[in-house]
Amino acid sequence: MNSLNSSPDDETTSLLNNMGTASKSTASSSDTTISTLAESPSNDAESQCSDEVMKKRHAWLLPFFINIFLACASFSIVMPSLSPYLLEVGASMSYLPWAVASYSIGEMIGSVAIGSFYEFATHAFSLGRGPRYSMMMCICFGIVGSTLYASAAWVDSSYTAQYFIVAGRFLQGVWTGGQQAIEQAYISAAIEPSKRVEFTATLSTCAVLGFVAGPTIGALLSMIDTTVLGLRIGANNAPGLFILLANTVMLVQTALFFDGKDDCTGERVKEADEEDQVDSSSGNSEYKPFNYMGVAVSMFLFYIHYYSFAVQETIITPLSRVLYDWDSIEVNLLFTCAGVLSLITSFAVRLLARHVEDRILLVASILIGFIGSAFLMDLPFSPDLPVWRFLAGFSLVNVAFPIGRNVVLGIFGNVLGPVNQGRWMGAMIAISAFPRIVGPFIALELLEMVRWKTWLEFGICACLFFVVFALVMQNIDLLVPYEDFLDDFEKNVKQHGRNQLQEVYSPIPSPIIGRRPVVRKPRAQG
1 MNSLNSSPDD ETTSLLNNMG TASKSTASSS DTTISTLAES PSNDAESQCS DEVMKKRHAW
61 LLPFFINIFL ACASFSIVMP SLSPYLLEVG ASMSYLPWAV ASYSIGEMIG SVAIGSFYEF
121 ATHAFSLGRG PRYSMMMCIC FGIVGSTLYA SAAWVDSSYT AQYFIVAGRF LQGVWTGGQQ
181 AIEQAYISAA IEPSKRVEFT ATLSTCAVLG FVAGPTIGAL LSMIDTTVLG LRIGANNAPG
241 LFILLANTVM LVQTALFFDG KDDCTGERVK EADEEDQVDS SSGNSEYKPF NYMGVAVSMF
301 LFYIHYYSFA VQETIITPLS RVLYDWDSIE VNLLFTCAGV LSLITSFAVR LLARHVEDRI
361 LLVASILIGF IGSAFLMDLP FSPDLPVWRF LAGFSLVNVA FPIGRNVVLG IFGNVLGPVN
421 QGRWMGAMIA ISAFPRIVGP FIALELLEMV RWKTWLEFGI CACLFFVVFA LVMQNIDLLV
481 PYEDFLDDFE KNVKQHGRNQ LQEVYSPIPS PIIGRRPVVR KPRAQG
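Per full-length UniProt numbering, residue 1 is the first one in the sequence shown, and the count goes up by one each step.
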């Protein structure tokens, strides 16, 4: 079985066996490219994008594994030390929400901006350079942000120091948002539709490992208290220096091992543009429909899963203290178990995606989220929320989220079809960041309105899951790969007696939603 159809484990094993040193890997990649060009009758990028070459690739897996693990570990390292860091530099605790929200705001902006640049770069630069340059530029934002964050402890003015922290967190958000957009767009270009959910789940497993390992690394960093070159390094700014080191490692290994040549969408866009010019001059211009409803449903479902998760991660700690008088050890144990459960779920999704249809997993994630939210409601079931139902609901929501995230991203890439998905994935990541900005404020306000009863907050979550379930079931036939959508569209056209396809636009004018996918038309037989 070729490598394109093999599992991520086989890909990683093969990669590790074939990769020795940085110079060997780079030389091997160069030799492969040179030999491919030499065997081709014409030295064009299409020879490098052929099926035979693509089957031998996927060298991007290991760099992605490293980048995702370090990025997620960096995020979880900072959070426990953020509030003590603000106090150390003399900032008020009222500044904490801004420091937390600045990361998500940066993630929203970075995902859209860098995702758009990724799409431009793959078209403007030669094959492989667009993805590579985009990823390296993205990591540079992380380097600058980490430097600002770590150096806040060395600034005399508390006013300046607190802005260093907020600016550093914002740039770190730009880095992680852009990185996620690039990775998801690259997966959609490099992996066939039937394997995208599996590969997305594999990368998510690395992400969860990073989240779980982060607090352990942070605990080790908290013991640091030293001075280097007259600069004090303590428990609060050591995480910033660790992230700076992690970004440096990511930048170097991306430059050495990530060639970006699996994304051939830029070359295909150029070919499609040339064909369109020929067709337009001959009067045979043909347009393809766009599955805007499938895109909208995927985005809405992605938002609901992230909103439910943001609500839970915000209120579970204060809720457990108010309802059950749990201490810090018990709360930390709860979230540790949640991390392990998310890891197991991501691994299970990877295996299930090989045997279960994507849409079945999608519906399952919605139903699990609905049941979990219902379990977390006190009224009208009982005046108080029993511990067993609290734990059951908490666990179910933690199972629903990784299933929903991985499957929705895979289906979203399939629905979009053979286009460069940089801007699309950037918009998707921005949607996921928005609930983490507004969710905490809404969740706490709803809890205080009903005196810390959970029926209102989780009742809203359950209703949202029910609405999105009805929406998905109504449009389930549209959540398919673009090629299947196009086949169904052509069949409907023939049934209605029309001879040519007409372009389908979104009811809401948009420079993104109105874009036409690039689909290769079969060449005329001689």
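Rather than coming from a laboratory, the hints here were simulated on the basis of the structure.
Don't take every hint at face value.
For lysine-lysine, the following DSSO-like pairs were computed, each having C-alpha atoms within a straight-line distance of at most 30 Å [said to hold, decoys possible]: (1) K491 - K288; (2) K453 - K195; (3) K288 - K195.
Label-pair ranges, simulated between beta-carbon atoms [what the hints assert, rightly or not]: (4) D488 - Y163: 36 to 44 Å; (5) A470 - E490: 36 to 44 Å; (6) M223 - L333: 19 to 27 Å; (7) L456 - M137: 17 to 25 Å; (8) V438 - M473: 22 to 30 Å; (9) I476 - V450: 47 to 55 Å; (10) C140 - V450: 42 to 50 Å.
Think of the CB as a built atom: it goes at the ideal place given N, C-alpha and C, for glycine as much as any other residue.
Going through the hints against the structure:
no. : hint                    : in the structure
1   : K491 - K288             : holds, 13 Å
2   : K453 - K195             : violated, 43 Å
3   : K288 - K195             : holds, 25 Å
4   : D488 - Y163: 36 to 44 Å : violated, 54 Å
5   : A470 - E490: 36 to 44 Å : violated, 28 Å
6   : M223 - L333: 19 to 27 Å : holds, 22 Å
7   : L456 - M137: 17 to 25 Å : violated, 44 Å
8   : V438 - M473: 22 to 30 Å : holds, 28 Å
9   : I476 - V450: 47 to 55 Å : violated, 35 Å
10  : C140 - V450: 42 to 50 Å : holds, 47 Å
When each numbered hint is compared with the structure, violations occur for hints 2, 4, 5, 7, 9.
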